[in-house]
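Visitor: Letter by letter, the chains look like this.
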Amino acid sequence: MAELFYIRIIASDKVFYEGKVQAFVGTTMDGEFEFLAHHEEEIVALNVGTFRYKDAEGNWIKAVSGLGVAQYANNRCTILVDTCEKPEDIDRKRAQAALERAREQIRQNRSQAEYYVAQASLARALTRLKETFASSGKGPRL
Amino acid sequence: MSGTREIKNRINSVRDTQKITNAMYLISSTKLRKARKQLEDTEPYFFAMQSTIQRLLRHLPDLDSIYLDEGEDVPEDKKVTAVLVITADKGLAGAYNHNVIRGLDELMKTKRHAKLFVVGEVGRHYFDVHKIPIEETFKYTAQNPSLHRARMITEKLLELYQSREIHELYIQYTSMKNSMESESVGAKLLPLKTGIESVHIPSEVPQEEFIMSPSPEDVVNNVLPNYITGYIYSALVESFCSEQNSRMLAMQSANKSANDILHDLSIQYNRVRQSIITQEITEVSSGAKAIRREN
Numbered sequence: 001m002a003e004l005f006y007i008r009i010i011a012s013d014k015v016f017y018e019g020k021v022q023a024f025v026g027t028t029m030d031g032e033f034e035f036l037a038h039h040e041e042e043i044v045a046l047n048v049g050t051f052r053y054k055d056a057e058g059n060w061i062k063a064v065s066g067l068g069v070a071q072y073a074n075n076r077c078t079i080l081v082d083t084c085e086k087p088e089d090i091d092r093k094r095a096q097a098a099l100e101r102a103r104e105q106i107r108q109n110r111s112q113a114e115y116y117v118a119q120a121s122l123a124r125a126l127t128r129l130k131e132t133f134a135s136s137g138k139g140p141r142l
Numbered sequence: 143m144s145g146t147r148e149i150k151n152r153i154n155s156v157r158d159t160q161k162i163t164n165a166m167y168l169i170s171s172t173k174l175r176k177a178r179k180q181l182e183d184t185e186p187y188f189f190a191m192q193s194t195i196q197r198l199l200r201h202l203p204d205l206d207s208i209y210l211d212e213g214e215d216v217p218e219d220k221k222v223t224a225v226l227v228i229t230a231d232k233g234l235a236g237a238y239n240h241n242v243i244r245g246l247d248e249l250m251k252t253k254r255h256a257k258l259f260v261v262g263e264v265g266r267h268y269f270d271v272h273k274i275p276i277e278e279t280f281k282y283t284a285q286n287p288s289l290h291r292a293r294m295i296t297e298k299l300l301e302l303y304q305s306r307e308i309h310e311l312y313i314q315y316t317s318m319k320n321s322m323e324s325e326s327v328g329a330k331l332l333p334l335k336t337g338i339e340s341v342h343i344p345s346e347v348p349q350e351e352f353i354m355s356p357s358p359e360d361v362v363n364n365v366l367p368n369y370i371t372g373y374i375y376s377a378l379v380e381s382f383c384s385e386q387n388s389r390m391l392a393m394q395s396a397n398k399s400a401n402d403i404l405h406d407l408s409i410q411y412n413r414v415r416q417s418i419i420t421q422e423i424t425e426v427s428s429g430a431k432a433i434r435r436e437n
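As they're listed, the protein sequences go chains C and F. Sequential numbering of the first sequence, starting at 1, is according to our numbering. Sequential numbering of the second sequence, starting at 143, is according to our numbering.
Excised from the complex, chain C in its bound form (with noise of 0.2 Å):
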């Protein structure tokens, strides 16, 4: 059986997991990396998108969550994420919302801010939208 380590996911609005897992995957702006146990010490930038965690019994639980930052220190890990969602958690209609919405900012495009808070919230609804799709084999309206 494979080594264990701490792990504690933190959203701004709740604790999402503490406990020990086997291993840990998220997405950062160049791809997926791991953490595994006694992986060296480094802070990760997440970029949205999703992540998934191996628990004890070595079963992946996969979630979707913004942007945020992993860092790993001897042998614990604490994962920072301003939203964090289970896929079956998602409100399909809200999301499916809030894209429509962030697609009609973007093309109302105002001031550079404001394009980046739409960009920003685009790439949140289309991630929410692709796993609750992903998780009820149905393919997205997109």
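These are calculated hints, taken from the structure and not from any lab test. If you're wondering where the values come from, they're calculated on a predicted model, not measured in any experiment. Where is the CB? At the ideal position from N, CA and C, for every residue including glycine. Incorrect hints may appear among the rest.
[As the list claims (entries may be wrong)] Under 10 Å between C-beta atoms, here's a sample of chain C residues computed to sit facing chain F:
(1) Ser12
(2) Lys14
(3) Val15
(4) Asp30
(5) Val44
(6) Ala45
(7) Leu46
(8) Asn47
(9) Gly68
(10) Thr78
(11) Leu80
(12) Thr83
(13) Ser111
(14) Val117
[Said to hold, decoys possible] Derived lysine-lysine pairs resembling BS3-like cross-links, with alpha carbons at most 27 Å apart:
(15) F:Lys179 / C:Lys14
(16) C:Lys14 / F:Lys319
(17) C:Lys14 / F:Lys298
(18) C:Lys20 / C:Lys86
[As the list claims (entries may be wrong)] Covered, in the sense of this in silico footprint (three residues per stretch, anywhere, with C-beta under 8 Å from a C-beta of chain C), are these stretches of chain F:
(19) 172-185
(20) 189-202
(21) 284-294
Take the given structure of chain C and dock chain F to it, following the hints.
Guide: Quick look at chain F alone, frame taken from chain C:
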């Protein structure tokens, strides 16, 4: 006769006011419960974020990031300071709003040029009345803080910061010391180097070397805006929580003094009524006596 009617009117008006303060008390106590839950939920993130930032700054190699550098290119007296002030949307919250503004005055003493970004209607009104210029386009409510609103605020402030229209960013909010007490806090958000006091580490403690991936610049540019958003979000939540708390306490004491007034008034009313009755009896009996004497 008019004495009793006046007192009766007074009692009724105090009762009516008490109905309002009581309703406000109930409303703010439910809101407080909700806000406190939100505060508890966001606290782990906030503390973890702060320790991450401290660790990051300790291990960061020298790099040029506008979030970190002190802006030495701008002379001290040309620096523009932005202050995000969080007040309530409504008054009747004891000294809550007053304390925020007093704290702000304290902060502004050392700042030459300041731009005020005000959250909450009461603060905007105050600066309007005192002819202190504030950013007019910056309109956010203090009610029901959300992550989305914190993101919008951060984006706006960071845009100004990146275009060097502002050189420093402070936040003036109210923090809950415990369930009864809160205090107004002014904190520096940007630039970061001096914003967070560094922890002194004895030299014999072995220091871990961190790898930053994809690169230190990416980590800083990814984490810091997020940190600011997180900070602003928890400041909004904490201020909202303190606001409801102080409104609840203010309404509780208003209720109590209404009860005291009602108690005093009812005693006064009874006394006046009694004296009127006594007077009437005396008049009747002395009248009767006079008639008896005549016969």
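Visitor: Hints first: check each against the structure and report whether it holds.
Guide: Each hint, compared with the structure:
For Ser12 (chain C), the interface hint holds, since its Cβ comes within 10 Å of a Cβ in chain F; the closest pair sits about 5 Å apart. The closest approach between the C-beta of Lys14 (chain C) and any C-beta of chain F is roughly 5 Å, which is under the 10 Å cut-off, so the hint is satisfied. With 10 Å as the threshold, the beta carbon of Val15 (chain C) comes within range of chain F, its nearest partner Cβ sitting at about 5 Å, so the hint holds. The criterion of a C-beta within 10 Å of any C-beta in chain F is met by Asp30 (chain C), whose closest approach is roughly 5 Å, and the hint holds.
For Val44 (chain C), the interface hint holds, since its Cβ comes within 10 Å of a Cβ in chain F; the closest pair sits about 5 Å apart. For Ala45 (chain C), the interface hint holds, the least distance from its beta-carbon to any beta-carbon of chain F being 4 Å, beneath 10 Å. Evaluation of the Leu46 (chain C) hint against chain F yields a held restraint, the C-beta minimum of about 8 Å falling below 10 Å. Using the Cβ-Cβ criterion of 10 Å, the hint placing Asn47 (chain C) at the interface with chain F is satisfied: the shortest such distance is roughly 8 Å.
For Gly68 (chain C), the suggested interface contact is upheld, since its CB lies about 7 Å from the closest CB of chain F, less than 10 Å. Taken as an interface hint, Thr78 (chain C) checks out: its beta carbon lies about 6 Å from the nearest beta carbon of chain F, inside 10 Å. A hinted interface residue such as Leu80 (chain C) counts as satisfied when its beta carbon comes closer than 10 Å to some beta carbon of chain F; here the least separation is about 6 Å, so the hint holds. The interface hint given for Thr83 (chain C) holds, since its Cβ lies 7 Å from the closest Cβ of chain F, which is under the 10 Å cut-off.
Annotation: Ser111 (chain C) was flagged as interfacial toward chain F, and the flag holds, the nearest CB pair being 8 Å apart, inside 10 Å. This hint holds: Val117 (chain C) has a C-beta 5 Å from the nearest C-beta of chain F, less than the 10 Å allowed. Restraint check for Lys179 (chain F) and Lys14 (chain C): satisfied, since their Cα atoms lie roughly 10 Å apart, inside the 27 Å limit. Restraint check: the Cα-Cα separation between Lys14 (chain C) and Lys319 (chain F) comes to about 21 Å, which is no more than 27 Å; the hinted pair holds.
With a C-alpha separation of about 26 Å, the suggested pairing of Lys14 (chain C) with Lys298 (chain F) holds against the 27 Å cut-off. Between Lys20 (chain C) and Lys86 (chain C) the CA atoms are separated by roughly 18 Å; this keeps the pair inside 27 Å, and the hint holds. Coverage of the region 172-185 of chain F by chain C holds. Counting CB-CB distances below 8 Å, 3 residues qualify, and the rule asks for three or more. With 6 residues bearing a CB less than 8 Å from a CB of chain C, the region 189-202 of chain F meets the requirement of three and the coverage assertion stands.
Using a Cβ-Cβ cut-off of 8 Å, 3 residues of the region 284-294 of chain F lie near chain C, which meets the minimum of three, so the contact claim holds.
Every hint from the earlier list agrees with this structure, and none is contradicted.
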